[in-house]
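Numbering (the working numbering), first residue to last: 48 to 215.
The hints are simulated quantities; they were obtained by calculation from the structure and are not laboratory data. Any given hint could turn out to be false.
As the list claims (entries may be wrong) - Listed below are the simulated DSS-like cross-link pairs for lysine-lysine, each with C-alpha atoms no more than 30 Å apart in a straight line:
| id | residue 1 | residue 2 |
| --- | --- | --- |
| 1 | K120 | K173 |
| 2 | K153 | K120 |
| 3 | K120 | K91 |
| 4 | K175 | K211 |
| 5 | K96 | K170 |
| 6 | K153 | K178 |
| 7 | K202 | K175 |
| 8 | K107 | K175 |
| 9 | K170 | K120 |
| 10 | K211 | K96 |
Unchecked claim - Restraint ranges, calculated between C-beta atoms of paired labels, are given here:
| id | residue 1 | residue 2 | range |
| --- | --- | --- | --- |
| 11 | C161 | E98 | 20 to 26 Å |
| 12 | D77 | D193 | 33 to 39 Å |
| 13 | E86 | E160 | 21 to 27 Å |
Here a beta-carbon is modelled for each residue, glycine too, at the ideal position from N, C-alpha and C.
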Amino acid sequence: MKKFTITLLLAIFTLSISYAQTTTEAGKPDCNLEENVDEFSGRKSITTKIERIGSSYRGKLSLSVYKTEDDVKIMVIFRAEEEVVCFIEDSEIQIKLENGEVLELKSGSTDIECDFRVIFITKGLKKKEIKKLLESPISNIRLRGDFYTTIEVEKPNYLMDNLKCIME
């Protein structure tokens with residue numbers, strides 16, 4: 048009987064711990080944020096962890112969301128499989144949402160970057176773009192630089208979850 052009581056108490060304790068974890072996790076995404084303060088300007092920024100969110104036959108796509116006191120940007124990192132690719136001045140990322148809307152986000156840089164791994168940061172997102180990204184998961188993503196590829200998205204809630212984290 049004593050063994051049964053101990054086993055039952057352990058089961059109840061384990062169940063209550065896992066219930067508490069799922070209720071807190073279900074209400075809020077897992078936020079993995081890094082806060083920085085520029086030592087020269089004193090400006091604060093928050094960055095989400097860089098995560099691979101999808102791939103195409105040409106390579107793999109990772110994203111990170113970046114927030115300063117003034118704006119919110121998306122860092123786009125593309126790792127090409129077999130050829131050098133370039134993000135150029137008019138590069139863009141097109142994000143198709145599951146609700147059918149398409150957002151076109153332009154590069155915020157005038158630099159040309161060519162390599163097997165290229166990075167560009169979007170111009171600051173407008174409030175209406177943030178609102179749309181918070182309302183619907185990603186269906187797919189198209190990148191355009193000196194190349195063109197459509198990414199099959201494996202983490203459709205990435206932008207929704209990470210924007211929620213940094214907007215709090």
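Requested in this report: Against the structure, test the hints numbered earlier, and report the numbers of the ones violated in rising order.
Outcome: none
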